[in-house]
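Just so you know, the sequences run in chain order S and G. Those letters in the first sequence? Residues 1 to 293, by the numbering used here. Those letters in the second sequence? Residues 294 to 714, by the numbering used here.
Hints may contain errors.
[As the list claims (entries may be wrong)] Each computed DMTMM-like pair below joins lysine to aspartate or glutamate, with the alpha-carbon atoms no more than 25 Å apart:
no., chain 1, residue 1, chain 2, residue 2
1, G, Lys653, G, Glu572
2, G, Lys532, S, Glu148
3, G, Lys555, S, Asp142
4, G, Lys455, G, Asp566
5, G, Lys604, S, Asp142
6, G, Lys534, S, Glu52
7, G, Lys555, G, Glu699
8, G, Lys555, S, Glu148
9, G, Lys532, G, Glu699
10, G, Lys588, G, Asp668
11, G, Lys568, G, Glu650
12, G, Lys604, G, Asp437
13, G, Lys638, G, Asp489
14, G, Lys653, G, Glu589
15, G, Lys455, G, Asp480
16, G, Lys653, G, Glu456
17, G, Lys532, S, Asp142
18, G, Lys534, G, Asp480
19, G, Lys534, S, Glu148
20, G, Lys588, G, Asp489
21, G, Lys366, G, Glu572
[Stated by the list, open to error] Cβ-to-Cβ under 10 Å is the rule here; a few derived chain S residues that face chain G:
no., residue
22, Gln49
23, Ala67
24, Leu134
25, Tyr233
26, Gly239
Read the hints as simulated data drawn from the structure, not as lab findings. Yeah, the Cβ is synthetic: ideal placement off N, Cα and C, and Gly gets one too.
This is what each chain is made of:
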Amino acid sequence: MPKRRHSGLDARYSRTAYLMLLPAIVFFVVFTYLPIGNLLTTSVHSGPQANEFAGLGNYSRAVSDPAVRHAFVITVIFAVATTVGALVLGLGLALLLDRPLRGRVAFRALLLVPYLTSVAIVGLLWRNILDPELGILNRLLDAVGLPEQQWLVTSPLATIIGVMLWQHAGYAMVLFLADLQGIPDVYHEAATIDGAGPVRRFRHVTLPLLAPTTLFVSIISVITGLQAFGQAYIITDGGPAGATDLYVFHVFNVAFEARDFGYSSALSFLLVVVILAATAVQLRYGRRGEVQY
Amino acid sequence: MSHKQFSRRDVLRFAGAAAVAAPFATGCGAGAPASDAGGAFTVYWNAGHGYQAYQQVIDEFQKAHGVTVNFQKYQWPDLRTRLLADFASGTVPDVVETQGAWVQEFAVSGDALSLQDYVAKDGAAMEFPDDWLPATVARNTYQDRLYGAQMHYTCSLLLYNKEMVGDTPPSTWDELLTAARELTTGDVYGIALNQDSSYAWPWLLQNGVRFYDPSSRRTLVDRDAAVEALQFQADLAHKHKVSPVPVPSTDYAGPQKLLSAKRAAMIITGPWDLKPITESSPDLDLGIAPALRQKEQATISAGASLMVPTKAARPDLSWDFIKRVTALDVERAATREAGMLMPRKSWAGLPEVQADERTKAFADGLPYAVDYLQDLGPTGKSGEIADNLFKQLYQSVVVQNTPVTEALAVFDAAAEQALAG
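Extracted from the complex, chain S is given alone in its bound form (with noise of 0.2 Å):
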């Protein structure tokens, strides 16, 4: 008798719950896989309006199409460099302002504020700074005597790095910064008295402690770097001559310019099969480094 009031409190309990989660179910349901159900079934289909069958036509003509092929290169240059740059920033101004320096709380705000602008703003920011004739920076080049650049012409992926480091490092820092003070004292006194020095200490005990943190960074900032958008639509449009054409802006293009929307749709599935992969690669090796004491 009483097992079978505990089941029907159950039964009410289970009803309760999946009732509240109702909206979150729905939600996602209705905005991510219903889209994603509609993205596989267009990237089957051709033409204008996405509606001449074309079987897996746009997947092998993906896997063959040169200019795929650029902006995925370009793109995964972009993700490395962007998640070891936010990596290794990120974790040096973590350890700087992890010490008793004036003004550390104000540092770490500032660090941040580019992580909470928009990437709208970021880009027109950077934009004009960086513009050769009219730009702030080379006004500052000039001033002191230095040859004025053409960042945007010259070199324009790495430019655009920059600037992605420049908005996201204070993220992975203030990540860091949390694992870091949460890393007992102990840990650092007991090695200092088997005679380990400050790089020691690092390599061997500040590190493997920051394992899942550094995971998690790398995860997050391969998954951004690969769906990077903003920087090539709006400081570069995608030049010059496509040496910023990063996938996704590749992907807009070929809806937008082209008006290939399966085609399009091919291309964007591709991508999710790439971000899946890479993340389950990074789980599966990120975790090694991880230790308990």
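Given chain S's structure and the hints, the job is docking chain G onto it.
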């Protein structure tokens, strides 16, 4: 009188149902053109063309038809993105302002409504096509049927700083190069090329190049002339160093800003830059010269047309809106307000057009202005070839100084694929 008591579970049920319903309700209403509900009439417009003259038309249109005009303004790239998304979803605006060869592109794809029947009925009253420059009819026609009505019709000319250039501006490429060399000193350039690839076309047209030859299905013919025109522009920036190297971006106002800042003596642009120049540097003694001549005197025509999507809910209302906006007195008001050029022949003869030195200079350029997309438009591929592939070619040559033949080989392969698809 009995009052039903709501249990906590009832409240949760209502809350859950409301939460589920909310996304549907907002999803149906937000952002979608509401042309088929509540008397709303949706118009997509270029953000730079929101003149008071058109607002007055909208006010009268609302009063006449009892509708509320939902006047949405976008930059051209955003307008195209929004419109293509609308075509895909089937929920379209009632009237759209378009540029370039969009009307023909959308006629080919079946997304633009033919206005032929409306013109057959009302053409005489609006003096169409007799009072309209022939090019403005041709660029809105596909397979002998009209799909758009020209609203603005402009061209690009040589704008220069009279204090620097003097009263005799260059009229040929050689003269321009000579003048630019003399004027390039310190941080001042003789000329500023635009990063927008459409600004390459006055040079190409002056050298007799056509974008597309329908008979041979080849692009950029005559090829030698195209190579020469592209190389000349690259040389201005890289060999002679009389122009800054254009910086790729979505902003085409760079040269205008340099002219306004007196850092460039000459630029090639259209009347859309007059207002920013006047506002940012009222002391600039601005001159407007006729287009340059190489093999021929030529420049690009530009401008905006109005079209009605095929799935528009009330095409009769859409046509009435177009008639009102393209009326001569509205054109006149827009010219007075913004100096914009118009497609009617009678507009060019108006006293205010003839009396205004700047407007007249551009009006005088219209007879030899060429729609460089006129043969490419009917292929339905102008979006990909002109906006995407040619942009890459131009940037490769003029920005990166890649040998023209090398860059053309890449362009040819991609353009052939686009035309075949």
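We went through each hint and held it up to the structure:
Straight-line distance between C-alpha atoms of lysine 653 of chain G and glutamate 572 of chain G comes to about 20 Å, which keeps the hinted pair within the 25 Å bound. Between lysine 532 of chain G and glutamate 148 of chain S the alpha-carbon distance is near 18 Å, which keeps this suggested pair within the 25 Å criterion. For the given pair, lysine 555 of chain G sits about 18 Å from aspartate 142 of chain S by alpha-carbon distance, which is consistent with the 25 Å threshold. Under the criterion of a C-alpha separation no larger than 25 Å, the hint pairing lysine 455 of chain G with aspartate 566 of chain G is consistent with the structure, at around 17 Å.
Using a Cα cut-off of 25 Å, the hinted pair lysine 604 of chain G and aspartate 142 of chain S is violated, with the two alpha carbons roughly 57 Å apart. With a C-alpha separation of about 51 Å, the suggested pairing of lysine 534 of chain G with glutamate 52 of chain S is violated against the 25 Å cut-off. This hinted pair does not check out: lysine 555 of chain G and glutamate 699 of chain G have alpha carbons roughly 36 Å apart, beyond 25 Å. Restraint check: the Cα-Cα separation between lysine 555 of chain G and glutamate 148 of chain S comes to about 19 Å, which is no more than 25 Å; the hinted pair holds.
This hinted pair checks out: lysine 532 of chain G and glutamate 699 of chain G have alpha carbons roughly 18 Å apart, not beyond 25 Å. For a cut-off of 25 Å, the pair hint linking lysine 588 of chain G to aspartate 668 of chain G stands: about 21 Å separates their Cα positions. With a CA separation close to 14 Å, the supplied pair lysine 568 of chain G and glutamate 650 of chain G stays within the 25 Å bound. A threshold of 25 Å between alpha carbons decides the hint, and for lysine 604 of chain G with aspartate 437 of chain G the separation of about 21 Å falls inside it, so the pair holds.
Using a Cα cut-off of 25 Å, the hinted pair lysine 638 of chain G and aspartate 489 of chain G is violated, with the two alpha carbons roughly 29 Å apart. Restraint check for lysine 653 of chain G and glutamate 589 of chain G: the C-alpha separation of about 21 Å stays at or below 25 Å, so the hint holds. Distance hint between lysine 455 of chain G and aspartate 480 of chain G is fulfilled; the C-alpha atoms sit about 18 Å from each other, no more than 25 Å. Between lysine 653 of chain G and glutamate 456 of chain G the CA atoms are separated by roughly 21 Å; this keeps the pair inside 25 Å, and the hint holds.
Note on lysine 532 of chain G and aspartate 142 of chain S: the hinted pairing holds, with a Cα-Cα distance of about 23 Å set against a maximum of 25 Å. The hinted pair formed by lysine 534 of chain G and aspartate 480 of chain G meets the criterion: a straight-line CA distance of about 11 Å does not exceed 25 Å. The straight-line distance between the Cα atoms of lysine 534 of chain G and glutamate 148 of chain S is roughly 15 Å, inside the 25 Å bound, and the hint therefore holds. For a cut-off of 25 Å, the pair hint linking lysine 588 of chain G to aspartate 489 of chain G stands: about 23 Å separates their Cα positions.
Distance check on the hinted pair: lysine 366 of chain G and glutamate 572 of chain G sit about 22 Å apart at the alpha-carbon level, within 25 Å; holds. Interface hint status for glutamine 49 of chain S: upheld, as the beta-carbon distance to the closest one in chain G is roughly 7 Å, under 10 Å. Contact between alanine 67 of chain S and chain G, as hinted, is supported at the beta carbon level, the nearest pair being about 7 Å apart and thus within 10 Å. A least Cβ separation of about 6 Å between leucine 134 of chain S and chain G falls short of the 10 Å threshold, and the interface hint therefore holds.
Residue-level restraint check for tyrosine 233 of chain S holds (minimum Cβ-Cβ distance to chain G is 7 Å; threshold 10 Å). Hint status for glycine 239 of chain S relative to chain G: holds, with the closest Cβ pair at about 3 Å, below 10 Å.
Violated hints, in rising order: 5, 6, 7, 13; the structure is consistent with all others.
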